[in-house]
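S.K.: Got two chains here, separate frames each, mind docking them using the hints?
Listed below are the residues making up each chain.
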Amino acid sequence: MIEWLTEPWQLAFMQRAFIVALISAVVCVVVGAFVVLRGMAFIGDAVAHAVFPGVAVGFVLHANLALTGAAAGIVTAVAIALISQTRRLNEDTVIGIFWAGSFGLGIVIVSTQDAYTGDLTSFLFGQILALGDSDVIAVAVVGAVLVALTFLLRRQLIAVSLDRETAKASGLPVLVLDMVLYAMVTAAIVVALQAVGNVLVLALLVTPAATARMGTERLGTMTAAACVLAAFGSVAGLYISYHYDLAAGGMIVLVLTGMFLLAWLAAPKHGLLWKRRSAAPLEAR
Amino acid sequence: MRADHENPTPENPGLQVSGVAVTLGGNQVLHDVDLAVAPGETVGLIGPNGAGKTTLLRAVLGLLTPDTGTVRIAGEPPRGARGHLGYVPQKHGFAWDFPITVAAAVLNARMVTRWGGAARRADRDAAARAVARVGLTDLAGRPIGALSGGQRQRVLVARALAREPGLLLLDEPFTGVDVPTQELLVGLLGQLAEEGTAILMTTHDLAQARAVCTRLCLLNRTVVADGPPSGLDDPALWLRAFGVAESELLLTGTAKEAT
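Going line by line, the protein sequences match chains D and C. Under our numbering, think of the first position of the first sequence as 66, with each following residue one higher. Under our numbering, think of the first position of the second sequence as -6, with each following residue one higher.
Same shape as in the complex, but just chain C (with noise of 0.2 Å):
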């Protein structure tokens, strides 16, 4: 039961993952996964820890180099496309001592490929704008250091927008972050889709992965099932996905602890 795609426009063909194996370490990973994001599209990945939803990030991400099979962003491999990409990390690999206010640690994401030189005002706007957009413009001069867990995530997020990405990657944006935060972060998305943004996140938070994305992507080293929430309703599909009922998932929260 997948969901047919609106064919990609030519400005913003978001993602086309086609036939990709993963293998790491000698351990097959992932094998013959087929996604697609279109633009205006929010596709949540959804799978039990070792499904492989990481790794299919890093190969879109152009960390790593699929088996085989192709990876296309805006028609063009990752490693070409990396101006259309914006990635929102999980908080925990970030060096939050670092000593940089939150309006320069936005901006740097903007700047990062620019080598010498000073910031044009477009650069300073369009970094303004995503900080403005995150609810952060009154804590713009703040260390990043002094931030909550949820200030943070938004942190996080205002980098990659700094971007003005085609294709928003975004890492376990829920795990960790307070109420407010999390209703900020689906409006935003909301938002950014009707833009025409492309985003594809992976999640443990089934409730969350449900209030925002117009498709869920079950992964279990493959794509297992691909569909509109409200079309994955089948305990069958998450049987075979995840070894327990999706009601079990809902229970607990967390596909996570269902593993």
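So that you can see chain D by itself, here it is in the shape it has in the complex (with noise of 0.2 Å):
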């Protein structure tokens, strides 16, 4: 057993593996509570899939993948944030356009090529298996920047979750910090990529908030609780990838889905069983 665990330790590549899971999962948590709390789960995706076309691109010109699919995130999240405004369309319509669109033109970009080649196929899927020192410290570094600035803007995050009319009618600048959150949010998701890639990485960015909010009242205690469960979710995740040689971005989304199926269940007051349980008295009487 201890050998089990042990075992992936020895090798480089996977500790550098454990280590940009850890951090991505805490980073995507800390982000990701503000969007599952303000039922944004969508534009994470829309996000996520808006890194594609700039991927893409990145890998037409020879650029950096990473900065030109964060380039393309932002440059999306923040028209997403613009064209919402006009409250003609709902906010879900206008992510909805951008989410399929961006799709499309990752996909005609990447047609142009010849050699569609494990580069490309890696940002899609994850390459937690593949990465350099380098990619460690740039994921720790976005990482701490991220955690950082949800904590400095924790109040107005919260404020203008609550309610954006008085929060504007205070003097917030509301339409700069949804700016702010998107491209946190973007920023999140790119630092995910690396660990799960860019079809799994919403799981890393809401699954474990959603599954803490089953069972807590308090940002505080969600955000803390989701850590740990997505810690412990990326940690098992790579253990069972490395021992059963299945995919480790997939594995590790298993795992979190896994325990939010759990949480579903079992949650203490809100899970599926608690209420039952609750609800049989009144069936006997």
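Just so you know, nobody snuck in bad clues.
Here are some chain C residues the structure puts well away from chain D; computed CB gaps all over 12 Å:
| no. | residue |
| --- | --- |
| 1 | G12 |
| 2 | G19 |
| 3 | A115 |
| 4 | D131 |
| 5 | Q184 |
| 6 | E188 |
| 7 | A200 |
| 8 | S223 |
| 9 | D226 |
The calculated label-pair distances, taken between Cβ atoms and stated as ranges, are:
| no. | chain 1 | residue 1 | chain 2 | residue 2 | range |
| --- | --- | --- | --- | --- | --- |
| 10 | C | G183 | D | G104 | 32 to 42 Å |
| 11 | C | S11 | D | N129 | 50 to 60 Å |
| 12 | C | A204 | D | A289 | 45 to 55 Å |
| 13 | D | N129 | C | S141 | 49 to 59 Å |
| 14 | D | I172 | C | G86 | 36 to 46 Å |
| 15 | D | D157 | C | T61 | 34 to 44 Å |
| 16 | D | A331 | C | G19 | 49 to 59 Å |
| 17 | D | N155 | C | Q21 | 23 to 33 Å |
| 18 | C | E157 | D | L338 | 43 to 53 Å |
Calculated from the structure, these hints are not laboratory results. All of these numbers come straight from a predicted model, not from anything done at the bench. Don't be surprised by glycine CBs; every beta carbon is placed ideally from N, CA and C.
M.R.: Written out as structure tokens, the structure reads:
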């Protein structure tokens, strides 16, 4: 058993994978808490997909894929924030349009390339086992900045989540705060891309926070619990992936999803089983 | 029959709305609106749906800029006077499913323009006082999602009071609220007015408006009548403002149904 646990750590690429998975988990959870609480999960998905054409452009131009991906994600996020202001269209609708549009653009760009190589697929499905030391440092620095920024802006982000109108009347730059949050979501997604890939990144952003929400009524507790869940899920996913030779990114997401289902069934008060139990005496009456 | 307002005092000159006109989407919603709320006054803004009550409130809050006319709070335009403003929005726009306690939600309202740093003793004390004034001290640690409709209205009032405002704006404070909370609000607004707070509220509830307001302002795109509740008994006034007699409004209980 001990060997089962220690063996992967003897390999440098697995050490890097563990570190990046843990950082991605924490960063996504801290930013993701606000995504879940504001019902913005869909925008996470839109940005994740918008990163794809950016990555494709970077691939065509032989530029840094993370940077071009982040740029595309931020442009999309800002466009969504601006166009949603019109209030003529539902935010979900605007997000849907950009979600599909950017993915279409990515596909067209990729189709111009003869060689559809591993570089690009690794961005779609994660490349956590193929990271270098510089990747680890970049993820750590961006992650630290994001967590610090969330901590600094927590009051304002909470105020806007509670009531936009009152926040605006109190003098908060609500639109700017929206864009900052979207930019933070984009950065968190680009960080997590390395771990789980473009397609699965939403799981890190949303699933642990949603799981924790099942069991707590305080933002601080929810964020802390979600961090623990996400860290556990990432590490457990990596172990399973290593020992059974399964896709690392996919395995992390599966463990996170499994924990959510467990919470949905068994969480105190809000879980399905609990509701059944407390409903039973009523039926008996 | 416009009531004479006392001259605003320099420390808290209340609210002055002069000649305000607002056009929204090509429709003139408000024109030539003059309204003053002096410290210690409680003014009820009454009018049917579409009369421009919410629009006027938004102009006072600085959320929209009038086409013409001025809004002055403590002698400043709304953007410069936000520290003087307390706003109690309608309950339904608030995210009651957000995981936060009553105490934290109230403290947040006071700290909202403070970037980073920790809450000071004075901030915590002001928030605790606001929670106490609405009678929620025993529920301060409870998540806001677990509160009743009346308790939720109290949280919104406490959030506004935590900012220690000179001008308090309330949007339909009596709508969907239980009787104990209505009674608490009437008492609390009376106290606040005595302490010199200028209060402006929109309401459909004529009975409560008469109980709590020192002046009523009948709005239908412009101010049709403005005076103490007792001075607004002339049925012709109500007919002009809303197309129905006041007695009918009182019978239905709300001006809303009279539209």
